[in-house]
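> Listed below, chain by chain, are the residues.
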Amino acid sequence: MNISYDWLKEYLDLTVLPEELAKYFDQIGLMIESIKKVNGDTVYEIETYANRPDTLGHLGVARELATLLGLPLKTPSWPLNELDQATFDLVDIQVLDSQLCPRYCGLVVKSVMVGPSPEWLKRRIEACGLRPINNVVDISNYVCFSLGQPLHTFDFGRLREARIIVRRARKGETLLTLDGQLVELTPDMLVIADESKPVALAGIIGGEESAITEKTTDVFIESANFDPVSIRLTAKKLGLTTDASYRFERGVDINTAPLGAMMAASLLSRCGGKASRGLIDVYPSQRKPKSVPLRLKRIAELLGIEIPEEFVVRTLTALGLKLNEQKPGVWVAEIPSFRVDLEREADLIEEIARFFGYDHIPSEVTPARSFELPASQEQDCLWFLKEILFHYGFDEVINFSFADQQKETIWQTGYQPIKLQNPISSRASILRTSILPGLVENAVWNYNREAEGVHIFETGKIYFWEEDGKQREEWHLGLITSGLKEGKAWNQPSRETDYFFLKGAIEDLFSYLGYDVPSFEPEDHSFFQSGQSVKISIKNEPIGYLGLLKPETRKAYELEKLAYGGELNLTALFGRQPRAFTFTAVPRYPGTVRDLSFQVEAQINFQDIYSQLRKLNVPFLERFEIYDRFEGGSLAPGQVSYSVRFFFRHESRTLLTEEVDRAMLNIISQLKSTLKIQLR
Amino acid sequence: MSSLQEKIEQYRQLFNDLAAKTKNIKELEELKQAFLSRKKGYITLLFDELKQLSPEEKKSAGVVLNDFKMEVQQTLTELEQKCLKPKAEKISPDLTLPGRKIYWGAPHPITLFQRKIEKIFISMGFAVEEGPEIETDYYNFEALNFPPYHPARDSWDTLYINDRLLLRTHTSPVQIRVMEKKKPPIRIIIPGKVYRRETPDPTHLPMFHQVEGLVVDRGITFAHLKGTLEYFIRALFGEKIKIRFRPSFFPFTEPSAEVDIECIACHGQDAQCRVCGGTGWKEILGAGLVDPQVFKNVNIDPEKYSGWAFGLGIDRTAMLAYEIPEMRYFYENDLRFLRQFNRR
Ligand SMILES: [Zn+2]
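Residue numbers (the working numbering), protein chains in the order written: chain A, 1 to 680; chain B, 1001 to 1344.
Be careful, since some hints might not be right.
[Claimed, not checked] Here are the computed lysine to aspartate or glutamate pairs in the EDC-like style, where the Cα-Cα straight-line distance is at most 20 angstroms:
#  : chain 1 : residue 1 : chain 2 : residue 2
1  : A       : K23       : B       : D1260
2  : A       : K236      : B       : D1154
3  : B       : K1116     : B       : D1217
4  : A       : K297      : B       : D1217
5  : B       : K1282     : A       : E33
6  : B       : K1119     : A       : E378
7  : A       : K470      : B       : E1230
8  : B       : K1069     : B       : E1057
9  : A       : K561      : A       : E486
10 : A       : K386      : B       : E1130
11 : B       : K1032     : B       : E1071
12 : A       : K9        : A       : E126
13 : B       : K1282     : A       : E45
Hints in this document: simulated from the structure, not taken from any laboratory.
Whole structure, please, built from the sequences with the hints as guidance.
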């Protein structure tokens, strides 16, 4: 909203200079976005709020400044040149829907000389950032930007049968608007019609046919009040926003309508016009002013400072409120109709705080009767998870939650995607159902920009419809590793990343976070090359998968390098209770180490061997490590050799050699029966 | 000179040659065995030969042989000391070569900044809460006192899923969810992703991050809001930062405020400043006392309890703190950008 310094002077005897006035705007929350000089006038572009339609005119802003600066608010008078004819003899006004049009004021001004506006008016119009058109149009804009009351002026001679009917549009009716659009009307829209058809879209825009032209001599002035919701719905439906609709949808003061009409008639009188006698004012159900209670003690309770009673009374009175004291420090405030935002005590307290100045309210520590536990276990886990991955050299990324539906089809995530009704672009039309596609995009982006390797992860949500039609959000972790792991250095060659780097990181996640050792079962997955992926689960609950990305997927994204990826369902993982940690006593007696090398059939995979070793029930066996594995060479085809180191210990004494020998025999015999091992 | 003495001379020569080449304990042991072994050592064999000689020859040769033996023993002792003494430890001919690096991954700047914010509030006894990103109109708007069809909704341009569901436009719906299930005192912050139907530009993107704060208890005042937020901003931007509170409007707070900090790019000294547009101030958060209607919507009696709330854009505040000119950098995920943040 543009506010002109000179225009404000119509309401205020300002003594502060234009530059100085700027800081007062800020203090009461009318934020200045820019200050311009226009025709020697100073124009402030201020930010206004949706609940303050009264600040959409100079009068309202002047009232704010008058309150702050302790100045009286002037009320200019609007004398008329009057005709002998009464308005109701000239025009017939019928309001058929007083719900959508609670008040309608109108009068006729005859013998108007349509032409350029006088200089002072042109300056006002230009200060608003508009182009002067002719005196009639400029006057209605002047009234709008003075009072915040939109007007509409019709060429009276074009109104058939001199009739104004405020009604809902009929099915099939159309209106050619002032800006040349043919609008199809529907019965939910309120129109101004003459005897035969709509001549304006109420409170939004006028029609071409009844518009003021150079040939116009008689003008019908409409100064009305329309229902905010109806105006908003119609304007949204038609994609039209005008100065009028902008004000009406915020709520125009119902009591300004007569003044708006009189002000316009007075100004048209100055252009040779003569106004019809007596304003027609259709206002069937008068609105009572709102009453809001106010307690002085409540002001201190909410603001944290005692504000003098005298200040409270002075401020609210200057803002147009009438305070009726009930008992000392307790009032009922009568709210002026132009303040649609003031409804509760808290609203009045805000007014007091605003004019008292937020700067003058003290700063205090918020007291606490209790402290909350700082963070949930999940949030702790999430951060620790990230730290483990940083340690592995993964960089963290954050991608948009949106995805390209077509591109995501390649992945066949198996989830029913959630579509957006009004997406920003077709490439962001659904919510992602996997973290990995975004990571692949990131890899490509970086390979195209000098990267030699990309090792990244993201934690975030995926979104999908469940089978019962409910929306679901799940926290996931996605990881990708591709290309060189570490750059070449004088003392180390560069290394390509591999599957086992990724798997190691994931294994450590589980172990450091205190979860059970997960199982990794070879299983095909739509993301990965056939036979090149595993399913990760804990105690048969699937948690994620990991493998080598499909070449088809890489091709679709133009990712040339191999990439290994994994995705874990953190909602499922964090839903599990990690093992409670308590320390284990440090051994005080030396342990004994024995190595065992054996070969097994190659189709027995590591996972099987590992779980059989874990199942061993042998006295004194503390732990084991698998330290070598090979195939080929001297081994028969189809055979794999493993070397395992076993650690034995007794907690309260040194073990005897024979005890360890017996334990080893025991192990060998168990493994012979479970894994069919052959010793080497 | 007897042939034995000549032999001794030859062995001395041999011993000296070998001793000169001896570099380690293993070689020393071999040398010792070769000369002093009780069965086959050269000196042992020479003594055997000595026994065969005539008494006269025995005497003169014996002296020479004993000398030789002593000489050998002494040399071996010296050698042993030399071998046992740790060799001068050398690292590299050039100690200025770069060290071996282990790459430590970088947190995303949003994560990093969010964590800074969380830590400040956690230190003041706040809990961290979260909530769904897919919301209903009720939680996102209605319960927060946005009337249906009110233009106040225009500043929260919304991405819809269907007539019932939308992507939350702010983290504020979590306020409602928390107040519905928990009675005061409440002292929480809520970080998370939010969505708006914005045309992308340097400071607007359809997805960004917010952190919301909420305190509800008896006797909470606007002064508490000011004091706590000032402390928070100083903890984030330094003790000397200038802060200003000015009136604003949000449907869910009353009175409402916006908080500006001085422009850290120009400190109000540059009328052409690209960060603050020459105003010297930069808006960083919106706040206010919880609107009584919001309390009523969650069955908290506004006469008994009061509270304050604030909302801050993490992205835009991080842009200020790190002097990042464009928001899109956060979501391009260029490693050359991201890896700058592993210096935490
Ligand atoms: Zn600046």
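> Each hint should be assessed against the structure and marked as holding or not.
Hints, one by one, checked against the model:
no. : hint              : result
1   : A:K23 / B:D1260   : holds, 14 angstroms
2   : A:K236 / B:D1154  : holds, 11 angstroms
3   : B:K1116 / B:D1217 : violated, 25 angstroms
4   : A:K297 / B:D1217  : holds, 18 angstroms
5   : B:K1282 / A:E33   : holds, 12 angstroms
6   : B:K1119 / A:E378  : holds, 16 angstroms
7   : A:K470 / B:E1230  : violated, 42 angstroms
8   : B:K1069 / B:E1057 : holds, 18 angstroms
9   : A:K561 / A:E486   : holds, 16 angstroms
10  : A:K386 / B:E1130  : holds, 18 angstroms
11  : B:K1032 / B:E1071 : holds, 12 angstroms
12  : A:K9 / A:E126     : holds, 17 angstroms
13  : B:K1282 / A:E45   : holds, 17 angstroms
Of the hints listed earlier, those the structure fails to meet are numbers 3, 7, in rising order.
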